[in-house]
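Enquirer: Sequence:
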Amino acid sequence: MTTLQFLRDGQPLAEVDASAGDLLIDVARFHEVPLHWRCGQGTCGTCAVHIAHAGQPATVKVGRKERNVLLRAGLIDAAQAAADTWPDTPQTVRLACHLLVTDAPWQVTLPQDS
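The opening position of the sequence shown corresponds to residue 1 in the UniProt record's numbering, with each subsequent residue numbered one higher.
Every clue listed holds true.
Derived DEER-like restraints, expressed as beta-carbon distance ranges: (1) Ala-79 x Gln-112: 24 to 30 Å; (2) Lys-65 x Thr-102: 18 to 24 Å; (3) Gly-21 x Ala-54: 14 to 20 Å.
Honestly, the hints are just simulated from the structure, not real lab data. Built from N, CA and C at the ideal position, the CB exists for glycine as well.
From just these sequences and the hints, can you work out the full model?
Expert: In C-alpha coordinates:
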(Lines of atoms letter the chains of each structure in order from A and count residues from 1; the text may use other names and numbers.)
(Lines give C-alpha, C1' and ligand atoms only; values in the text may rest on other atoms or scores of the structure.)
Protein backbone atom coordinates (compact mmCIF):
# COMPACT_ATOMS: atom_id res chain seq x y z
CA MET A 1 0.00 0.00 0.00
CA THR A 2 1.01 3.56 -0.62
CA THR A 3 -0.47 6.95 0.16
CA LEU A 4 -1.86 9.31 -2.46
CA GLN A 5 -2.51 12.93 -1.59
CA PHE A 6 -4.91 14.75 -3.91
CA LEU A 7 -4.54 18.54 -4.18
CA ARG A 8 -6.12 21.43 -6.04
CA ASP A 9 -4.57 24.91 -5.98
CA GLY A 10 -2.10 23.62 -3.39
CA GLN A 11 -4.93 22.75 -1.01
CA PRO A 12 -5.42 19.14 0.15
CA LEU A 13 -8.61 17.44 -1.04
CA ALA A 14 -8.02 13.90 0.19
CA GLU A 15 -5.33 11.54 1.40
CA VAL A 16 -6.03 7.91 0.58
CA ASP A 17 -4.34 4.53 0.53
CA ALA A 18 -3.94 2.65 -2.73
CA SER A 19 -2.27 -0.53 -3.91
CA ALA A 20 0.49 -0.63 -6.49
CA GLY A 21 -1.08 -1.52 -9.82
CA ASP A 22 -4.40 0.25 -9.17
CA LEU A 23 -5.51 2.68 -11.86
CA LEU A 24 -5.39 6.21 -10.49
CA ILE A 25 -8.85 7.02 -11.88
CA ASP A 26 -10.32 4.02 -10.04
CA VAL A 27 -8.72 5.12 -6.76
CA ALA A 28 -10.08 8.66 -7.21
CA ARG A 29 -13.59 7.38 -7.98
CA PHE A 30 -13.61 4.91 -5.09
CA HIS A 31 -12.63 7.63 -2.62
CA GLU A 32 -14.96 10.22 -4.22
CA VAL A 33 -12.12 12.58 -5.09
CA PRO A 34 -13.56 15.41 -7.23
CA LEU A 35 -11.57 14.55 -10.36
CA HIS A 36 -13.53 15.29 -13.51
CA TRP A 37 -13.77 12.40 -15.97
CA ARG A 38 -16.13 11.53 -18.77
CA CYS A 39 -15.31 8.15 -20.20
CA GLY A 40 -12.92 6.39 -17.82
CA GLN A 41 -11.64 4.47 -20.83
CA GLY A 42 -8.65 6.60 -21.81
CA THR A 43 -10.17 8.40 -24.77
CA CYS A 44 -11.65 11.75 -23.65
CA GLY A 45 -8.69 13.51 -21.97
CA THR A 46 -10.71 15.03 -19.12
CA CYS A 47 -8.90 13.29 -16.24
CA ALA A 48 -5.61 15.16 -16.69
CA VAL A 49 -3.48 15.40 -13.55
CA HIS A 50 0.05 16.24 -12.46
CA ILE A 51 2.01 13.79 -10.31
CA ALA A 52 4.80 14.61 -7.86
CA HIS A 53 6.84 11.88 -6.19
CA ALA A 54 10.26 11.38 -4.62
CA GLY A 55 11.73 9.71 -7.74
CA GLN A 56 11.56 12.89 -9.81
CA PRO A 57 13.10 14.17 -11.94
CA ALA A 58 13.32 11.11 -14.12
CA THR A 59 11.93 9.92 -17.43
CA VAL A 60 8.73 8.01 -18.06
CA LYS A 61 7.49 5.98 -21.02
CA VAL A 62 4.08 7.24 -22.18
CA GLY A 63 1.92 5.09 -24.42
CA ARG A 64 0.78 6.19 -27.86
CA LYS A 65 -2.91 6.22 -26.90
CA GLU A 66 -2.32 8.54 -23.94
CA ARG A 67 -0.12 10.83 -26.06
CA ASN A 68 -2.77 11.00 -28.81
CA VAL A 69 -5.56 11.77 -26.34
CA LEU A 70 -3.50 14.52 -24.67
CA LEU A 71 -2.67 15.99 -28.08
CA ARG A 72 -6.31 15.92 -29.19
CA ALA A 73 -7.33 17.59 -25.90
CA GLY A 74 -4.78 20.36 -26.53
CA LEU A 75 -2.76 19.51 -23.42
CA ILE A 76 0.50 18.75 -25.25
CA ASP A 77 2.00 19.77 -28.59
CA ALA A 78 2.83 17.60 -31.60
CA ALA A 79 6.53 17.38 -30.69
CA GLN A 80 5.73 15.98 -27.26
CA ALA A 81 3.14 13.61 -28.75
CA ALA A 82 5.84 12.19 -31.04
CA ALA A 83 8.14 11.27 -28.14
CA ASP A 84 7.42 8.03 -26.30
CA THR A 85 9.68 9.00 -23.37
CA TRP A 86 8.96 12.18 -21.43
CA PRO A 87 10.52 13.99 -18.51
CA ASP A 88 8.81 12.79 -15.33
CA THR A 89 8.32 16.03 -13.42
CA PRO A 90 5.47 17.58 -11.44
CA GLN A 91 4.74 19.75 -14.49
CA THR A 92 4.18 16.76 -16.81
CA VAL A 93 0.50 16.28 -17.60
CA ARG A 94 -0.82 12.72 -17.45
CA LEU A 95 -4.20 11.02 -17.66
CA ALA A 96 -5.45 9.39 -14.45
CA CYS A 97 -7.08 6.62 -16.50
CA HIS A 98 -3.66 5.61 -17.88
CA LEU A 99 -1.65 5.81 -14.65
CA LEU A 100 -0.95 2.76 -12.55
CA VAL A 101 -0.20 3.55 -8.92
CA THR A 102 3.33 2.60 -7.84
CA ASP A 103 4.77 1.74 -4.42
CA ALA A 104 5.89 5.36 -3.94
CA PRO A 105 3.68 7.99 -2.28
CA TRP A 106 2.29 10.51 -4.79
CA GLN A 107 0.93 14.01 -4.68
CA VAL A 108 -1.74 14.21 -7.37
CA THR A 109 -2.64 17.74 -8.44
CA LEU A 110 -6.04 18.16 -10.08
CA PRO A 111 -6.70 20.98 -12.53
CA GLN A 112 -8.73 23.95 -11.34
CA ASP A 113 -11.67 23.11 -13.60
CA SER A 114 -12.10 19.46 -12.64
